[in-house]
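A.B. asks: As you go down the protein sequences, you meet chains A and B in turn. In this text, residue positions in the first sequence follow the working numbering: the first is 1, and each later residue adds one. In this text, residue positions in the second sequence follow the working numbering: the first is 186, and each later residue adds one.
Note that these hints are calculated values from the structure, not bench results. Glycine included, every Cβ here is placed at the ideal spot set by N, Cα and C. One or more of the hints may lead you astray.
So the derived list for chain B, only partly shown, Cβ under 8 Å to chain A, looks like this [what the hints assert, rightly or not]:
no., residue
1, Ser244
2, Phe559
3, Arg562
4, Ile580
Anything over 12 Å on all C-beta distances counts as not near chain A; from chain B, calculated [claimed, not checked]:
no., residue
5, Ile256
6, Ile273
7, Val324
8, Gln380
9, Trp384
10, Asp388
11, Ser435
12, Asp509
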Amino acid sequence: MSVKGYIKDITDTVASVFEGMAITFSHLVRRPMTIQYPDKIPVPIQETLPRRYRGILEVDLDICTGCLACERDCPITCITIGIEMEKETKQRKFTHFDIDVCKCMYCGLCSEACPTGAIRHSQEFEGASYNPAGLVRHFVTEPSALYKPKKGGETDPKLAAKADTGQKYLDEFATPDGGAAAEEG
Amino acid sequence: MQAYIDQLIQNGYFAGMPKEVVYAIAMVLAAFIVLSVFVAPLAGVTSWLERRVWARMQSRVGPNRVGPQGILQWLADGIKNLLKEDLIPSAADAKLFSLAPYVVFMGFLCTFVVIPFGGTLIVADLNIGILYILAVTSVVVVGILMAGWASNNKWSLLGGMRSAAQIVSYEIPAGLAVLTIVFLAGTLSMQGIIQAQGWAPWDWFLFSNPFTFAAFFLYFTAALAEGNRTPFDIPEAESELVAGYVTEYSGMRFLFFFFAEWGNLYVIGAVAATLFLGGWQVPPVTSDPILLGALQFVVFFLKAYLWVFIAMWVRATLPRVRVDQLMALCWKYMVPLSFVCLLGTVSWMLAFPKGNQFFSIVMFVFGLLVLGYFFTRVLFQLRHARPELYFKPHI
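Start from the sequences and build out the full structure, keeping to the hints where you can.
C.D. replies: Below is the structure:
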């Protein structure tokens, strides 16, 4: 090894360590990339999800007609619906409407089949539970009547808003192309 | 310390007790206080701080959940390790295996005897202080070799052997760098070395002449290597040796090795501050002994902890060297350079027997210029990456 090479080794070492230390020091004043999910985030995580994100299924029973289209269309039968006729009033009522989130594969076929847009994917995805039974979502707490769409539009303003929401979901998201056509047109 | 005890005995405390017993009790008490009040929290907080600094340099956040900004993370880790099972492999040499962490720990803890925290805050101002530090830190290598051998595991043995080779090699440049300062100060005592310097930066041995300036960096590099710190952590190189000599350890014994490693960082900083950076020297601003003592303690602590921070920073920057590179760096570069520094300092002392303060100020300005150039490089990096800036230490 020549003397020149020896001195060059030393200066190269010092120079490269100097430059490397400058780079790491500059990182000290940069904002970390880490997103501190779930508690220390600037906006709720649901708001940062894509628009057509398929989260855990939710059902708006107020506009559910009880047609059982979703139950029939579900490829893995994770939806179970029970409907009973009340003898005195001759009114059909839900006894249960359960969705097993464990089984659901988020294919979205149920929401495409729904005539009113009552069943739809929410933005929720945090389904942690201590046992599998906790992952079965029960939407009926006490027997409630089925929804009957009125001819010529909904008159009850509260129900009308819900029906509009459902229809909007059907038009924009719950189509076989995932709502791409609605977005372009 | 001894003077204080003597005074207490003369004032009639501990009547009827033999003097030696009082000394022994005082020593145990002092050791206990230093360990529990200073060393343990310091090593713990250093471990947390290192993880935070390291994380920020890698665009991460680091532990920030236990206590405010995660400052109690070290307590959580300590409790976790205390509760873990203490495994001893069936093929291991049980006695040596159990003993090794304590040997390593003792080698590091004994250095605190001579570390001058302030003008009067020192356990024992030995007249061979710096030699004592070099001697007791060498005990660490015995513990590491013991751990590597007693584990009866190929990774552990390789790690222990590497560590022995490394520590013994780097003792030489470290010792020679220390020797330059001993020549300048004319004493081995830690307090004597500090008293030979002044509070002003140009009175520090760091800027005394160009050779001590180089010797300082040689000392710091060699001390990092002796402390098994990245980039010289080949004894515990994860990618090659699992965890080196600590592979078979678990629970509290495992923690003791890292306790010693993080505590040792402070020792490195304290020795660097003592030898090169003027130690606890403060400007004569007050004559109140308590206030002065507190000021000296703070100044010394900050000087020492700056180098702890720089060791963390180096760890976040440089990749691990290979074994042959490690030995080449020591024997082909650092040992000759430290001899050059030693001879250069000696020649300088012959040329300027009273020192050369003008040149010291020039050296100090040169040091400031290097620091200034460094920050222009940092700004250059920031300008080119255009990152989102975030100056707060907490997140």
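A.B. asks: Each hint: holds or not?
C.D. replies: Hint-by-hint comparison with the structure:
1. Of the supplied interface hints, the one on Ser244 of chain B holds, with its beta-carbon coming within about 5 Å of a beta-carbon of chain A, less than 8 Å.
2. For Phe559 of chain B, the interface hint holds, since its Cβ comes within 8 Å of a Cβ in chain A; the closest pair sits about 6 Å apart.
3. Annotation: interface hint on Arg562 of chain B holds; nearest CB of chain A at approximately 4 Å, less than 8 Å.
4. Because the beta carbon of Ile580 of chain B sits about 6 Å from the nearest beta carbon in chain A, less than 8 Å, this interface hint is met.
5. No Cβ of chain A comes within 12 Å of the Cβ of Ile256 of chain B; the nearest lies about 16 Å off, and the non-interface call holds.
6. No beta-carbon of chain A comes within 12 Å of the beta-carbon of Ile273 of chain B; the shortest separation is about 37 Å.
7. Remark: the non-interface label on Val324 of chain B is consistent with the geometry, its nearest Cβ contact in chain A lying 30 Å away (cut-off 12 Å).
8. Taking the minimum C-beta to C-beta distance to chain A, about 32 Å, the non-interface status of Gln380 of chain B holds against the 12 Å cut.
9. At the 12 Å boundary, the C-beta of Trp384 of chain B stays outside the reach of chain A, the nearest C-beta of that chain being 27 Å off.
10. In this structure Asp388 of chain B is separated from chain A by more than 12 Å, as the shortest Cβ-Cβ distance comes to about 26 Å.
11. At the 12 Å boundary, the C-beta of Ser435 of chain B stays outside the reach of chain A, the nearest C-beta of that chain being 30 Å off.
12. Chain A leaves Asp509 of chain B outside its interface by the beta-carbon criterion, the shortest separation being 14 Å against a cut-off of 12 Å.
This entry satisfies every hint, going by the numbered hints stated previously.
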